[in-house]
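This is what each chain is made of:
Number of protein chains: 2
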Amino acid sequence: MNTYSSRLLEQCVNELAKLPGIGRKTALRLSLHLLQQDPSNVESLSHAILEMKNNIRYCRICSNLSDTEVCQICDNHKRDKEIVCVVSDIRDILAIEKTAQYNGVYHVLNGIISPIDGVGPSDLNIDSLVERIAEGEIREVIFALSSTIEGDTTSFYLFRKIQDHKVSVSTIARGIAIGDELEYADELTLGRSIMNRMPYQNAVK
Amino acid sequence: MNTYSSRLLEQCVNELAKLPGIGRKTALRLSLHLLQQDPSNVESLSHAILEMKNNIRYCRICSNLSDTEVCQICDNHKRDKEIVCVVSDIRDILAIEKTAQYNGVYHVLNGIISPIDGVGPSDLNIDSLVERIAEGEIREVIFALSSTIEGDTTSFYLFRKIQDHKVSVSTIARGIAIGDELEYADELTLGRSIMNRMPYQNAVK
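Protein chains in written order, with our numbering: chain A, 1 to 205; chain B, 1 to 205.
Incorrect hints may have been included.
Said to hold, decoys possible - Covered stretches of chain A, going by a simulated chain B footprint (3 or more residues, C-beta under 8 Å):
| id | region |
| --- | --- |
| 1 | 11-20 |
| 2 | 51-65 |
| 3 | 69-83 |
Think of the hints as simulated: they come from the structure by calculation, not from any bench. For every residue, glycine included, the Cβ atom is placed at its ideal position computed from N, Cα and C.
This is chain A alone, in the form it adopts within the complex (with noise of 0.2 Å):
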């Protein structure tokens, strides 16, 4: 006998357990969960997971997620061309667009270079990035990836991409989080913050 008294239910179980983070117990309540919903409901479900893989695209320009050829941000002609911050995956768009502090626009890495997982430059959208620049209508290059051994490889191994380009490239500043405590930050951070200090005036404008 199963541990389930129903196939049905089993196999919703079994399928809800593959996505990341939800175990067999989350899977069975989830379950149980649309059981007792409106069947209305628990179509639109369905058919929003269905029609997103189906009919999502990634932008031609810069990869990002979106319903058209170019995405939203691309296709905004208030945004500066001219500035391309490079991210490595859209939800780093969804979180900088938050700060409502950039107004250029993005490429998307999907990805960093990471031998540990197999992932070498030629799995990253790394030409693309080189062509749109190769244009020559780019001024600026902001790298804003992860402050780590990856992220630091994959910004250097862009940088050395690209320098020979007409484009000026920056990084994202690291330092001391705002409300963190000195006496708590990592020793890394401290060192650099320090080593990278700026003038008062430009950080508190």
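Given chain A's structure and the hints, the job is docking chain B onto it.
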């Protein structure tokens, strides 16, 4: 402009975020995970959810979830049909089945009497339990409800409903959980476990 660059992504996030215990951040993570999967995997998830919702049934006898009119437990001739264990939820059946200590059948109330949540006796599968008992083939009814005020109220209500029938009524043992230290047990549990002490030979057999 939207938070998300794609309406399709946003809809999927919205739908997933309706599930209990899943916030918008998790929903986004799940959506992006699904986008990286094989289309066939996503289809089987979406399909399994709909199939379950549309085709699952409740056992005609005990209200357990089932693919057929009568569930695997009620339909199993090796189970003792004269003992009925009353539970509030099908998850309780799974928990009891896992112990492999019970060979009777079940009755799922599908909730518990809880005036605060607006759940009265008429919202539960109580009439069908009384009918099953009135048929006269049941020897013993075991209440396996939570040890809360609601659980105790429900047990008492059920007891009053079935006390005139010729069945013995029992409730699962309350006491100190196996592996628990006495000094950390709450007073009520410890007090009851002294009141309801049992012959040593029974406890260790």
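Hints, verified against the model:
1. 11-20: Since three or more residues must qualify, the claim that chain B covers the region 11-20 of chain A holds, with 8 doing so at under 8 Å.
2. 51-65: The restraint on the region 51-65 of chain A holds, since 9 of its residues have a Cβ under 8 Å from chain B and three suffice.
3. 69-83: Per the Cβ count (4), the hint holds.
When the structure is compared with the earlier hints, no violation turns up for any of them.
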